[in-house]
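Q: The listed protein sequences correspond, in order, to chains A and B. The numbers in the numbering used here rise by one with no breaks, and the one at position 152 of the first sequence is 152. The numbers in the numbering used here rise by one with no breaks, and the one at position 259 of the second sequence is 552.
Please note that a few of the clues may not be correct.
Here are some, though not all, of the chain B residues that point toward chain A, as calculated from beta-carbon distances under 10 Å [stated by the list, open to error]:
#1 LEU374
#2 HIS402
#3 VAL407
#4 PHE543
It should be emphasised that the hints constitute simulated quantities derived from the structure, not laboratory data. Where a beta carbon is used, it is the ideal one built from N, C-alpha and C, also for glycine.
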Amino acid sequence: MQAFLDIFDIYLLEAVINGILLGGVLALLALGLNLIFGVIDVTWICYAELVMIGMYGMYFMVQVYGLPYWIAAPLTILLVAALGAALHYIVIAPLLTAPPINQLLATGGVLFILQSFATVAFGIEFRNLGIRLPVLMFGDMNFSYARLLSFAAALIGMVVVYLFMTRTFTGTAIRAISQDRQIMSLMGVDTKRLYIVTSALGGALAGLAACLLVLQYDVHPFVGLSFGPITFLICVLGGLGNFIGGFIAAFVFAEIISLGGLFSDLEWGYVLAFAFFIVMMFIRPAGLLARRR
Amino acid sequence: MKTSRAVWIAGIAAAIALPFVHRDPYHLHILVLILIWSFAYTSWSIMGRFGLVSLGHGGFMGVGAYVTALLWNHLGMSPWLGIPLAMAAAALLAVVVGYPCFRFRITGHYFVLVTLALSGIVLQVITATRDYTGGSLGYTPDRATSGRQLLALQFDDKVIWYFIALSIWLLGLLIWRWIDHSMGRYAMEAISEDEDAAAAVGVNVTAEKLKITVISALMTALAGALYCQYQMFISPDTVSGISVSLQMAFAAIVGGLYVSFGPTIGAVITILLAETLRIGFGTNAVGWDNLVYGVLLVLFIIFLPKGILGSVIEKLKTQRKPSLKS
Numbered sequence: 001m002q003a004f005l006d007i008f009d010i011y012l013l014e015a016v017i018n019g020i021l022l023g024g025v026l027a028l029l030a031l032g033l034n035l036i037f038g039v040i041d042v043t044w045i046c047y048a049e050l051v052m053i054g055m056y057g058m059y060f061m062v063q064v065y066g067l068p069y070w071i072a073a074p075l076t077i078l079l080v081a082a083l084g085a086a087l088h089y090i091v092i093a094p095l096l097t098a099p100p101i102n103q104l105l106a107t108g109g110v111l112f113i114l115q116s117f118a119t120v121a122f123g124i125e126f127r128n129l130g131i132r133l134p135v136l137m138f139g140d141m142n143f144s145y146a147r148l149l150s151f152a153a154a155l156i157g158m159v160v161v162y163l164f165m166t167r168t169f170t171g172t173a174i175r176a177i178s179q180d181r182q183i184m185s186l187m188g189v190d191t192k193r194l195y196i197v198t199s200a201l202g203g204a205l206a207g208l209a210a211c212l213l214v215l216q217y218d219v220h221p222f223v224g225l226s227f228g229p230i231t232f233l234i235c236v237l238g239g240l241g242n243f244i245g246g247f248i249a250a251f252v253f254a255e256i257i258s259l260g261g262l263f264s265d266l267e268w269g270y271v272l273a274f275a276f277f278i279v280m281m282f283i284r285p286a287g288l289l290a291r292r293r
Numbered sequence: 294m295k296t297s298r299a300v301w302i303a304g305i306a307a308a309i310a311l312p313f314v315h316r317d318p319y320h321l322h323i324l325v326l327i328l329i330w331s332f333a334y335t336s337w338s339i340m341g342r343f344g345l346v347s348l349g350h351g352g353f354m355g356v357g358a359y360v361t362a363l364l365w366n367h368l369g370m371s372p373w374l375g376i377p378l379a380m381a382a383a384a385l386l387a388v389v390v391g392y393p394c395f396r397f398r399i400t401g402h403y404f405v406l407v408t409l410a411l412s413g414i415v416l417q418v419i420t421a422t423r424d425y426t427g428g429s430l431g432y433t434p435d436r437a438t439s440g441r442q443l444l445a446l447q448f449d450d451k452v453i454w455y456f457i458a459l460s461i462w463l464l465g466l467l468i469w470r471w472i473d474h475s476m477g478r479y480a481m482e483a484i485s486e487d488e489d490a491a492a493a494v495g496v497n498v499t500a501e502k503l504k505i506t507v508i509s510a511l512m513t514a515l516a517g518a519l520y521c522q523y524q525m526f527i528s529p530d531t532v533s534g535i536s537v538s539l540q541m542a543f544a545a546i547v548g549g550l551y552v553s554f555g556p557t558i559g560a561v562i563t564i565l566l567a568e569t570l571r572i573g574f575g576t577n578a579v580g581w582d583n584l585v586y587g588v589l590l591v592l593f594i595i596f597l598p599k600g601i602l603g604s605v606i607e608k609l610k611t612q613r614k615p616s617l618k619s
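Here chain A stands alone, though its shape is the one from the complex (with noise of 0.2 Å):
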């Protein structure tokens, strides 16, 4: 009993917390890739790389051009949402008829490109916004703001798109366009325009994450490798495609990321996810809220 004591105390409730902070910011990442998926029907490899591009440019903003961080998070969103279009356009597009694993790949050459990019522009020092938020005291518990803040704009981000994708004509028209591709372009809609908007709204989403991890991590050309295959994983569990399923699986990880790196390295929380993530699998192979066939 006391051994029990020992392990459920303060600090697990501290993990547990701090698992939901993060799992905002990953339900904001899950959020973006699955919009791109649903609408579009290709799956961004390099989407955590958009982020730390979008991680970069604030870097830049503030520390070497020092605009204030109020100024420059918009101006991140905006970069990154207009990389997101420029992606769809230039190699989406092409390959739209193409079959689906060859516009994955390709997006696995734009992670290349980006990565690349990074280190040859920017080099491979670990760089930081240099803005050190409070840490929040309660009882005994330490919550830093950064993570609060990323938390509650990773939230209110995500009802911002809420209400886009239900309350505007482009939003029906995407949610629409999700459901039947041949039809709605019969209907006299522009599909073509409408995938420029999802993707920039994807890239919006990563830039708007860029924001915010970039208060709480360093920022590296292989930044993107840490949260990546997370994300990915989110989805898959989620089901690709599925909003709610995302938003729900990307709590689960990152309690379960958070609560093994309590007991362990942080390394080994991300194992702890794949483990959970094979076993989940074969429990409901086509995603946490599919339908029983």
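Chain A is already provided as a structure; the job is to place chain B on it using the hints.
A: Structure of chain B alone, referenced to chain A:
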């Protein structure tokens, strides 16, 4: 058929004779690298040609390299035993990840993402166990004392390595040929066209896919182990992770996924490209080779999805056909 056999024999004889005529260590080094990586790329294509696009091969390769090196350094186990064990470990990993994927019809995007995560996770494990593996700083197998080189599979002579790599490369081509002529190939082609239809005519989809995946994983692990024994230095970034997986996919696609020599052509192109850039740019080359890789990968997928060799062969065939009719 006769002439092609003669060409084969002549080609192999020339390859065997080469190091006795030309012994430049740098050229031999490049050749060994090309042959080992060709084998790795071939093992990727064995799956990839049937639409089983895996980005987890970096994981298999990492397992092959690290398990062999760890067994040698920590337990003193000879690579002669260690390599089969490492290959078995990679095969086990392939089954653990592959079985649920195939059993529950995780295909296309899903399969790629799952395998992608696999190579990411192997990288994380290697980094996390830094007390044993040296983490991201890399790892070196202990030098064998003199007289035990054969036991340790460590040779200073590049000519020996050239022959090892050459035989491995030939083994890869033979496996390709064997699969090409087996029933499994028809089963896999049926599966890649339509899984339900294949299952309906009695193809055991899960077993066939698992078989090809395990073969591919075994070969990739062997390539990783040999690469480690040859270079005597491995780091998580050179033998595991997403970039290695993508590099395999890239080379196989550039060379040509559907022809047996395609991956070899891919290896020749990628390694010569990397070496030229390295010599041209010196230490500034860091990143440039991958930048060129990435651009080429995108261009190839858009404009030449069959790869260089695949497109050339296709062109030759279409030119020959009208002449046969006339």
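Q: Determine which of the earlier numbered hints do not hold for this structure and return their numbers in increasing order.
A: Violated: hint 1 alone.
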